[in-house]
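There are 2 protein chains.
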Amino acid sequence: MSTMQDKRQALDTDYELLYHPDIPGRGEFIRLVFEAAGVRYADIANEDQANYELVQQTCSPESTGDADGNPPPFAPPALKIRGAGRDGKDLVISQTPNILLYLGSKLGLIGSADHHLYYANQLTLTALDLANETHDTHHPIAVMKYYEEQKDAALIRSADFRETRMPKFFSYFERNLKSNESEGRGKYLVSSKLTYADTTLWQVLDGLFYAYPKEMASRSKEFPLLFDTFYPAIKAETWLQDYMNSGRRLQYSDGLFRRYPELDRQ
Amino acid sequence: MSTMQDKRQALDTDYELLYHPDIPGRGEFIRLVFEAAGVRYADIANEDQANYELVQQTCSPESTGDADGNPPPFAPPALKIRGAGRDGKDLVISQTPNILLYLGSKLGLIGSADHHLYYANQLTLTALDLANETHDTHHPIAVMKYYEEQKDAALIRSADFRETRMPKFFSYFERNLKSNESEGRGKYLVSSKLTYADTTLWQVLDGLFYAYPKEMASRSKEFPLLFDTFYPAIKAETWLQDYMNSGRRLQYSDGLFRRYPELDRQ
Numbered sequence: 001m002s003t004m005q006d007k008r009q010a011l012d013t014d015y016e017l018l019y020h021p022d023i024p025g026r027g028e029f030i031r032l033v034f035e036a037a038g039v040r041y042a043d044i045a046n047e048d049q050a051n052y053e054l055v056q057q058t059c060s061p062e063s064t065g066d067a068d069g070n071p072p073p074f075a076p077p078a079l080k081i082r083g084a085g086r087d088g089k090d091l092v093i094s095q096t097p098n099i100l101l102y103l104g105s106k107l108g109l110i111g112s113a114d115h116h117l118y119y120a121n122q123l124t125l126t127a128l129d130l131a132n133e134t135h136d137t138h139h140p141i142a143v144m145k146y147y148e149e150q151k152d153a154a155l156i157r158s159a160d161f162r163e164t165r166m167p168k169f170f171s172y173f174e175r176n177l178k179s180n181e182s183e184g185r186g187k188y189l190v191s192s193k194l195t196y197a198d199t200t201l202w203q204v205l206d207g208l209f210y211a212y213p214k215e216m217a218s219r220s221k222e223f224p225l226l227f228d229t230f231y232p233a234i235k236a237e238t239w240l241q242d243y244m245n246s247g248r249r250l251q252y253s254d255g256l257f258r259r260y261p262e263l264d265r266q
Numbered sequence: 001m002s003t004m005q006d007k008r009q010a011l012d013t014d015y016e017l018l019y020h021p022d023i024p025g026r027g028e029f030i031r032l033v034f035e036a037a038g039v040r041y042a043d044i045a046n047e048d049q050a051n052y053e054l055v056q057q058t059c060s061p062e063s064t065g066d067a068d069g070n071p072p073p074f075a076p077p078a079l080k081i082r083g084a085g086r087d088g089k090d091l092v093i094s095q096t097p098n099i100l101l102y103l104g105s106k107l108g109l110i111g112s113a114d115h116h117l118y119y120a121n122q123l124t125l126t127a128l129d130l131a132n133e134t135h136d137t138h139h140p141i142a143v144m145k146y147y148e149e150q151k152d153a154a155l156i157r158s159a160d161f162r163e164t165r166m167p168k169f170f171s172y173f174e175r176n177l178k179s180n181e182s183e184g185r186g187k188y189l190v191s192s193k194l195t196y197a198d199t200t201l202w203q204v205l206d207g208l209f210y211a212y213p214k215e216m217a218s219r220s221k222e223f224p225l226l227f228d229t230f231y232p233a234i235k236a237e238t239w240l241q242d243y244m245n246s247g248r249r250l251q252y253s254d255g256l257f258r259r260y261p262e263l264d265r266q
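Chains V and G, in that order, give the protein sequences.
Residues 1 to 266 (the UniProt record's numbering) are what the first sequence spells out, left to right.
Residues 1 to 266 (the UniProt record's numbering) are what the second sequence spells out, left to right.
Hints were generated in silico from the structure; no laboratory data involved.
Just to be clear, a hint being listed does not mean it is correct.
A pair holds if it fits inside one copy or across any two, identical chains being indistinguishable in the list.
Stated by the list, open to error - Only pairs whose alpha carbons sit at most 30 Å apart, straight line, appear in this in silico DSSO-like list of lysine-lysine: (1) K145 <-> K221; (2) K178 <-> K89; (3) K193 <-> K89; (4) K89 <-> K168; (5) K168 <-> K151; (6) K235 <-> K221; (7) K145 <-> K168; (8) K106 <-> K193.
Sequences are here, hints too, so could you generate the full structure?
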């Protein structure tokens, strides 16, 4: 249990995150952008479980949108931004990479030149693809069924994931760090400063260290810029250290990143 | 074989699409945006198979970027834009939704208000998620293995896809059309004009009609705005009719959308 005094009081914020309570999940990519920018946000279902009804209402499979003219989301996370919608009403947007694009642009986490936005965005999309493929290792057949019902397929899929997909993705990120080394010094993917691609990739790697500890212990030796420079350098940034010490950072459990030892390297 | 005189001569264009030849695949989402905007583009590997080497070079798993300072792509499609990169050099970007975001913004396919971009982008991301899930029905276990090696898992996954995922996605798009009905009249997802969300969703539906003809014949009765208004109305637009009659539109085969009758409704 986190102590209530550790929870950020966010009543004065323009931003409300609408997501499931208690898991980092896809909401964590969005939280990290706020934390990196030092901008207050309301994580409504974690601040008060009663608010989860509002999340479910907004993302209801019956909804045809809200009274402010916003269309319905497909699924959480969604983000409400005060006054940014039609005629100064609240704006509600959804889809993790779309929310990151919005916040990255508004909060200055997109590098320094115009075209850096598209570099940051493509890296973010690929990091989120890796997160989705991680999810699919424990749910290869049907997202609504239990892991135990699809364990045989999960064993085959996770072996393929560890042996072919992980190194393919890690090589891509390593080569991107290399491509930007003169500016980013192995620490930043785009330009010479933090972008939402860095925060997103960092979270995916951190989730993989939780889910696949043995595989990651071995793989991390193969990609030095990614694992000896990028991952620890982002982790050491003051904002991330402050966040991890704040009580706001949620523990991994049965979300996107799950630890099933039988799926890890044996 | 398509006749060469049908191929658009695109030597004078600022845009080069780098993608696999002969299949619509993910490249088709990008082609449709150019076709809708009436903007010339070079589809380099389809105009001359010899150019495919350039695509493979750009997306090589060894590349650490190009001489113009562009980072390496993860996989095709990529897009080269003349003069839009660092110091007026060529810009190379990748990831389908990132390329669509770029082109949608540059070519005026993002609606009429500032926040419409984020509505169009979230709908596009969800349509592409549906396309990815369609791909995963024939490759549920390992993307690099043959369909025949994962057919048992494909039968289970495609049943779940048809029974739970398709209606969930279709309901979402139907409710978005409903939410925007006063402006879009069931024909457009965002505002009162064509956006890249419309072209992308249309292509996913068209691919699904190819891959799952029986399931679609039945499902299409459940979502009237989507299938009686949106799909035929976009198909009837002059630019799309012209494109389909041009010889440039590629046939479906063994790409993202595949027709395996055993995976369809029985």
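Hint check:
Only between protomers do K145 and K221 lie at most 30 Å apart by alpha-carbon distance; the minimum there is 27 Å, versus 35 Å within a single protomer. In this homomeric assembly, K178 and K89 come within 30 Å of each other (Cα to Cα) only across copies, at 20 Å, whereas the closest approach inside a single copy is 44 Å. Taking the closest pair of Cα atoms, K193 and K89 come within 30 Å of each other only across two copies (22 Å); inside a single copy the shortest separation is 33 Å, beyond that limit. For a Cα distance limit of 30 Å, the shortest separation of K89 from K168 across copies, 28 Å, qualifies, whereas the shortest one inside one copy, 44 Å, does not.
In the homo-oligomer, the alpha carbons of K168 and K151 lie at most 30 Å apart both inside one protomer (24 Å) and across protomers (24 Å), since each shortest distance falls under that limit. In this assembly of identical chains, the alpha carbons of K235 and K221 lie at most 30 Å apart only when taken from the same copy (18 Å versus 52 Å across copies). Proximity of K145 to K168 under the C-alpha cut-off of 30 Å is found in both arrangements, the shortest distances being 28 Å within a copy and 15 Å between copies. Both within a single protomer and between protomers do K106 and K193 lie at most 30 Å apart by alpha-carbon distance, with minima of 16 Å and 26 Å respectively.
Checked against the numbered hints listed earlier, the structure breaks none of them; every hint is satisfied.
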